Amino acid sequence: MSTPNLSGENMAVREPQFSLAVHNPNGRELTFAQAVREAIAEEMHRDPTVFIIGEDVAEAGTVFKVLTGMVDEFGPERVLDSPISEAGIAGLGVGAAITGMRPIVDIMFGDFITLTMDQMVNQAAKTHYMSGGKLKVPMVLRTTMGATRRSAAQHSQSLHAWFSHVPGLKVVIPSTPYDAKGLMKSAIRDDNPVAIFEDKMLYQSKGPVPSEEYLIPLGVADVKRTGEDITIVATSSMVQVALAAAEQLALIGIAAEVVDPRTTLPLDKETLIQSAKKTSRVIVVDEGYHSYGVTAEMASVIADGAFYYLDAPVKRIGAMDVPIPFSPVLEDLTVPTPDQVVAMAKTLCGRA
Amino acid sequence: MVTRPIGYQTTLDPVEPAQLDTEQWLQMYEQMNKIRAFEESANELYTSARMPGLTHLYIGEEGVAVGVCEALRRDDYITSTHRGHGHCVAKGAKLDLMFAELLGKAAGYCKGKGGSMHIADQNTGNLGANAIVGGSAGIATGAGLSIKMRKSDQVAVCFFGDGALGQGLIYESMNMAELWKLPVIYVCENNQYNEYTHNSEAAAGELAARGRAFGLHTVEVDGQDVRAVYTAMIELVARARRGEGPAFLLCHTYRFHGHHVGDIERTYYRSKNEESWWRDRDPLKVLGAWLTGDMGVDAAILEKIDESVRAEVDEAVEFAINAPFPDPSEVDTNVYA
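Residue numbers (our numbering), protein chains in the order written: chain A, 1 to 352; chain B, 1001 to 1337.
Quick caveat, the hints were computed from the structure, so don't treat them as lab data. Among the hints, erroneous ones may be present.
[To be verified] Computed list of lysine-lysine pairs in DSSO-like fashion (alpha-carbon distance at most 30 Å, straight line): (1) K1285(B) <-> K1304(B); (2) K1148(B) <-> K185(A); (3) K1148(B) <-> K134(A); (4) K278(A) <-> K315(A); (5) K1094(B) <-> K134(A).
Quick caveat: nothing in here was measured; it's all calculated off a predicted structure.
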């Protein structure tokens, strides 16, 4: 398996061990993209201060068609097509947020967050602290992540680690339609700047999303599959990779637990540590670059918090440390795969 | 040092000052004086090693902050710069809380967490000084967008220096402000220097053309003359309140001191002759001479203002010096709201 399983078949309802079960009496299913759209639309109906600004968000409904029809529903005053000015719209978001609005700034590709860095890192993240707590910046920056769309080095990166390094920001990386909706709604209601990274490859994946309103708090991990032999901490589309690996491992008698932090900042350290204590072996999988990624932080948290329970070093799997290549043959080599996870899990469990 | 003419070549027409009561011009004189006295005390606190870090003095540019802010209401917004004390005072901030912030005290505007370059005071519409050159252009423009969306008649003023004309964010912001007719006034304080480099070495083309290129209503004034700044500003504010969109106000001024308080030896980048040419264009002198001349104000009245301002500043410094530092437990509060 060289690409993540995007069929959604591993997204079936599981009973999370520590947190919110998907309560879905009607069995409704939505795609990830529909879930995101529904979350934003619900919040815009609820709160007139919520608005969207970004490139091609109105008539085009974003290049990924996630916001199709939003401009008809809410009008061009609340769904604003902007010039191609990422720094500018991020800055406008900060200013609007400080003065009573709740902007959602849409940054088409995660790679372009580099252009928003001053506004997010030096302005949005620090305004509350620098003002001694007087000013607040309730804004959401939603953007994308994820490779294997054959989009090459400047449209494929997963740069959530960059924002995760900055106190004052919150960072959300949902893996399922259910989580995407509940986390988006919480992010919009949060009084802090929140960055949400949506994996482009997940947009068409389907999963249960109840029609009743629900919120998922930021900073609470979710156990996507329970197991006793090894923990696979996985984020965003890597949750699917981890679940696929867990299926393979089950065939040879290794019960893997899959833990999805759902937010990297704040990080639910306790759930990670508890799972590690239970299984005594951990692999952390994330699509950001291997080195200096969020995997390093999570591995460190686990190593510190569960040291006396571990039977093996905490291992990390990230994207290869190379600019993401265009050629499919090369690109597929750079992203983590279920086979890699299986091989590493077998090694850690002494089954290699 | 590159040879260049002293002062600036101007073709500005003389401005007929707005029709105001003498009292209102005296109020501006007082505000300018307050900024001057504040900054002199800040300099003293630095040179006597009582102030941590550095600060950037506004001395020489008082006519701009006061001319602009006197044309605003309390609920109008400003964003400010690293050289921001003048804007903060002119918008109505309290001197004691400002000095306390400069000294890193708990009583300061930002509980001592912001310091000289980050004073914010939402009660006077000050959305904060900004230590990133040009960094507040997006914030001011976002405030303008928010004003428009909330259907308010406020305006937002973005103060920045000529150095910020090198930053792309300014242009992205002006573009959107004009596209969407936002009530934002971009006030460029052309104090001639990008830190230690004259702007003739840093900015190609005409400065005023930067606003015009985006279709912004653009006005150029002598920033040493508060009457000219104020008179231009009331018109720009009125337009913005009427929904006629943003403006670019280019004010030619001069930083009498260095880039920051420690920049004392300046002859390697500008001449003493140049400094003295501008000292003759001291905004306090310009206004003072007009008040005692054309307006027939008794010089004793101005002296009295000088004295009362001095006393207010001294009292504020005293307050700040005696104020306690923040409790260590404050270090990790206010990271998140």
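Hint check results:
Of the supplied pair hints, the one linking K1285(B) and K1304(B) holds, its CA atoms being roughly 16 Å apart against a limit of 30 Å. With a C-alpha separation of about 25 Å, the suggested pair K1148(B) and K185(A) falls inside the 30 Å cut-off, and the hint holds. Under the criterion of a C-alpha separation no larger than 30 Å, the hint pairing K1148(B) with K134(A) is consistent with the structure, at around 23 Å. At most 30 Å may separate the alpha-carbon atoms for a hinted pair to count; K278(A) and K315(A) meet this at roughly 16 Å.
Of the supplied pair hints, the one linking K1094(B) and K134(A) holds, its CA atoms being roughly 16 Å apart against a limit of 30 Å.
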